[in-house]
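**Q** If you're matching positions, the sequence shown starts at 0 in numbering that gives the first Met the number 0 and goes up one per residue.
One should not assume that every hint holds.
Said to hold, decoys possible - EDC-like mimics (lysine to aspartate or glutamate), calculated; alpha carbons at most 16 angstroms apart, straight line:
1) 65 <-> 26
2) 130 <-> 140
3) 130 <-> 245
4) 343 <-> 6
5) 343 <-> 370
6) 137 <-> 341
7) 187 <-> 218
8) 187 <-> 213
9) 137 <-> 370
10) 187 <-> 328
11) 187 <-> 389
12) 137 <-> 342
13) 65 <-> 424
14) 79 <-> 389
15) 79 <-> 218
16) 459 <-> 213
17) 137 <-> 119
18) 462 <-> 245
19) 187 <-> 331
20) 343 <-> 26
21) 137 <-> 6
22) 79 <-> 221
23) 137 <-> 4
What the hints assert, rightly or not - Pair ranges (Cβ atoms, derived):
24) 257 <-> 465: 42 to 50 angstroms
25) 200 <-> 281: 17 to 25 angstroms
26) 106 <-> 69: 26 to 34 angstroms
27) 314 <-> 25: 34 to 42 angstroms
Don't read these hints as lab results, they were simulated from the structure. The beta-carbon is built from N, C-alpha and C at its ideal position, and this holds for glycine as well.
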Amino acid sequence: MQTLECDYLIIGSGAMGMAFADVLMHEGQATMVMVDQYHQPGGHWNNAYPFVRLHQPSAFYGVNSKVLGSNRVDQTGWNKGLYELATNSEVCAYFDQVMYQQFLPTDRLQYFPMCRYTGDGQFHSLVSDDKYQVQAHKIVDATYMNVTVPSMRPPAYVVADGVACAPPNQLPKLAGQYDRYVIVGAGKTGMDACLFLLRNGAAPEHITWIMPRDSWLLDRADIQPPGLSDDTVARAFAQQSQAIAESSTIAEIFERVAAGGQLLRFDDTVEPTMYRCATVTRAELEQLRRIPNIVRQGRVQQINPDAIELDGGRVATSTTTLHVDCSADGLERRPATPVFADDKITLQSVRTCQQVFSAAFIGHIEVRFAEDPRGHEHMNALCTPVPHPDDAIDFLRTTLTTNLNAALWAQDEELQQWLQNARLDGFSRPTDNAEPSAVSDEERAAEQAARAALLKTNVKAIKNLQRLLAEYDGTQ
Numbered sequence: 000m001q002t003l004e005c006d007y008l009i010i011g012s013g014a015m016g017m018a019f020a021d022v023l024m025h026e027g028q029a030t031m032v033m034v035d036q037y038h039q040p041g042g043h044w045n046n047a048y049p050f051v052r053l054h055q056p057s058a059f060y061g062v063n064s065k066v067l068g069s070n071r072v073d074q075t076g077w078n079k080g081l082y083e084l085a086t087n088s089e090v091c092a093y094f095d096q097v098m099y100q101q102f103l104p105t106d107r108l109q110y111f112p113m114c115r116y117t118g119d120g121q122f123h124s125l126v127s128d129d130k131y132q133v134q135a136h137k138i139v140d141a142t143y144m145n146v147t148v149p150s151m152r153p154p155a156y157v158v159a160d161g162v163a164c165a166p167p168n169q170l171p172k173l174a175g176q177y178d179r180y181v182i183v184g185a186g187k188t189g190m191d192a193c194l195f196l197l198r199n200g201a202a203p204e205h206i207t208w209i210m211p212r213d214s215w216l217l218d219r220a221d222i223q224p225p226g227l228s229d230d231t232v233a234r235a236f237a238q239q240s241q242a243i244a245e246s247s248t249i250a251e252i253f254e255r256v257a258a259g260g261q262l263l264r265f266d267d268t269v270e271p272t273m274y275r276c277a278t279v280t281r282a283e284l285e286q287l288r289r290i291p292n293i294v295r296q297g298r299v300q301q302i303n304p305d306a307i308e309l310d311g312g313r314v315a316t317s318t319t320t321l322h323v324d325c326s327a328d329g330l331e332r333r334p335a336t337p338v339f340a341d342d343k344i345t346l347q348s349v350r351t352c353q354q355v356f357s358a359a360f361i362g363h364i365e366v367r368f369a370e371d372p373r374g375h376e377h378m379n380a381l382c383t384p385v386p387h388p389d390d391a392i393d394f395l396r397t398t399l400t401t402n403l404n405a406a407l408w409a410q411d412e413e414l415q416q417w418l419q420n421a422r423l424d425g426f427s428r429p430t431d432n433a434e435p436s437a438v439s440d441e442e443r444a445a446e447q448a449a450r451a452a453l454l455k456t457n458v459k460a461i462k463n464l465q466r467l468l469a470e471y472d473g474t475q
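Working from the sequences, and respecting the hints, build out all of it.
**A** Written as structure tokens, this is what we have:
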């Protein structure tokens with residue numbers, strides 16, 4: 000068994016592990032060992048379906064030190080007028096470049112792909128007999144969020160013999176071989192599969208979409224880098240906070256936020272019960288609404304050659320129908336655990352559904368406060384986890400925790416300066432060459448004023464959310 004020494008042993012070279020390591024690389028002098036079961040960095044992107052794209056602008060993704068994409072505004076397609084969304088292959092190539100062109104040349108990070116971590120600082124190769132013992136000051140768990148895509152596991156329901164069922168990875172190869180399509184799952188992956196079929200000419204009436212729960216959706220136009228238009232992220236969220244602050248009931252919050260356009264839904268006559276941070280453009284939503292066959296009878300229990308059995312009934316199918324399993328829980332709701340504990344760091348979201356930003360933020364807190372006499376108590380206070388949402392009410396819970404974190408960060412001038420210059424922070428405009436577009440002093444002043452207004456409104460929104468959620472929890 001070989002022995003390695005380092006400051007940080009990082010388990011996982013997915014997006015969060017890479018974002019965390021990048022901050023340590025650029026803000027400190029730490030040495031690192033990074034272990035991952037895949038052959039290249041990128042985590043679940045190695046298993047993602049080929050037509051997947053980011054659901055948020057490339058400008059918000061990756062690592063702080065390197066721009067993903069070219070800050071291009073799409074001129075065609077259903078994302079027209081908004082910043083580009085990196086493809087699966089672009090994301091994998093990007094992380095590969097970060098690893099081999101930025102990390103490894105420093106000699107401060109050793110990378111061990113195709114290796115499995117077994118605990119207690121030990122890991123072994125998946126392709127040889129090599130075994131390693133790492134003596135590290137701290138172990139960083141970059142796998143805790145447990146991102147799972149459909150190709151990583153079999154369907155959670157029974158698939159009878161003779162039924163054509165496949166993950167979305169196989170959809171490009173199989174689509175032309177079947178008369179009809181059944182999309183199982185109403186989340187991001189299900190939407191992507193429906194849009195893929197529609198984009199490639201499938202007739203909407205030949206698609207059946209099994210939607211166990213309707214979801215609240217985010218308008219991607221509101222989640223754009225500053226400078227695209229007057230409607231920056233800060234302004235959009237200020238409108239949302241104002242609606243939350245002034246509502247007298249939870250139902251009124253959803254009504255007002257939806258009326259303001261910050262929340263969208265597939266069918267205006269159906270009250271959504273799910274919220275998973277899925278984003279769409281209005282053009283994409285218009286396309287999805289062309290699908291007439293929506294099945295709202297709960298989850299699939301079994302698919303037989305002639306019928307699909309669901310919680311609340313059954314629908315007909317056939318052996319000439321391709322069933323596309325999009326039901327994997329990509330953003331699993333994990334129990335929150337302290338980010339900093341003794342010699343372990345567990346990477347989690349500290350801003351709702353912003354995993355890579357959160358990992359970079361945690362990295363900065365580690366570099367800045369690791370030797371601070373206030374210790375882990377102070378660091379954990381700054382990094383309160385925001386678990387991934389699931390139910391509609393989680394929109395309010397995650398908003399509350401995110402706002403509480405933001406209010407605490409606002410009290411630290413140095414932290415505000417770091418946020419202002421963090422590429423992954425969608426509320427800021429970095430002053431370096433990663434800036435999406437040229438900005439005048441007047442525009443920057445307006446954006447700073449919008450952020451100040453947002454923080455002020457957040458105080459009222461926080462108090463109202465705390466009151467309303469306490470009332471809601473008391474009735475459950």
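**Q** Indicate, hint by hint, whether the structure satisfies it.
**A** Going through the hints against the structure:
1. 65 <-> 26: 14 angstroms, holds
2. 130 <-> 140: Cα-Cα ~19 angstroms, so violated.
3. 130 <-> 245: 59 angstroms, violated
4. 343 <-> 6: Judged against 16 angstroms, a Cα distance of about 12 angstroms means the pair holds.
5. 343 <-> 370: Status holds; Cα separation ~15 angstroms.
6. 137 <-> 341: The hint holds at about 8 angstroms.
7. 187 <-> 218: Distance ~13 angstroms between residue 187 and residue 218 Cα, so the pair holds.
8. 187 <-> 213: Given that 16 angstroms is the threshold and the Cα spacing comes to 12 angstroms, the pair holds.
9. 137 <-> 370: Holds: residue 137 and residue 370 sit about 13 angstroms apart, inside 16 angstroms.
10. 187 <-> 328: 10 angstroms, holds
11. 187 <-> 389: 13 angstroms, holds
12. 137 <-> 342: 5 angstroms, holds
13. 65 <-> 424: Distance of about 13 angstroms is within 16 angstroms: holds.
14. 79 <-> 389: Judged against 16 angstroms, a Cα distance of about 29 angstroms means the pair is violated.
15. 79 <-> 218: 13 angstroms, holds
16. 459 <-> 213: Judged against 16 angstroms, a Cα distance of about 30 angstroms means the pair is violated.
17. 137 <-> 119: 11 angstroms, holds
18. 462 <-> 245: 11 angstroms, holds
19. 187 <-> 331: Satisfied, since the Cα-Cα distance of roughly 13 angstroms is no more than 16 angstroms.
20. 343 <-> 26: 20 angstroms, violated
21. 137 <-> 6: The hint holds at about 6 angstroms.
22. 79 <-> 221: Answer holds: residue 79 to residue 221 is near 14 angstroms, not above 16 angstroms.
23. 137 <-> 4: 11 angstroms, holds
24. 257 <-> 465: 42 to 50 angstroms: Cβ of residue 257 to Cβ of residue 465: about 22 angstroms, so the range 42 to 50 angstroms is violated.
25. 200 <-> 281: 17 to 25 angstroms: 22 angstroms, holds
26. 106 <-> 69: 26 to 34 angstroms: 30 angstroms, holds
27. 314 <-> 25: 34 to 42 angstroms: 54 angstroms, violated
In summary, the structure is inconsistent with hints 2, 3, 14, 16, 20, 24 and 27 from the numbered list given earlier, while agreeing with the others.
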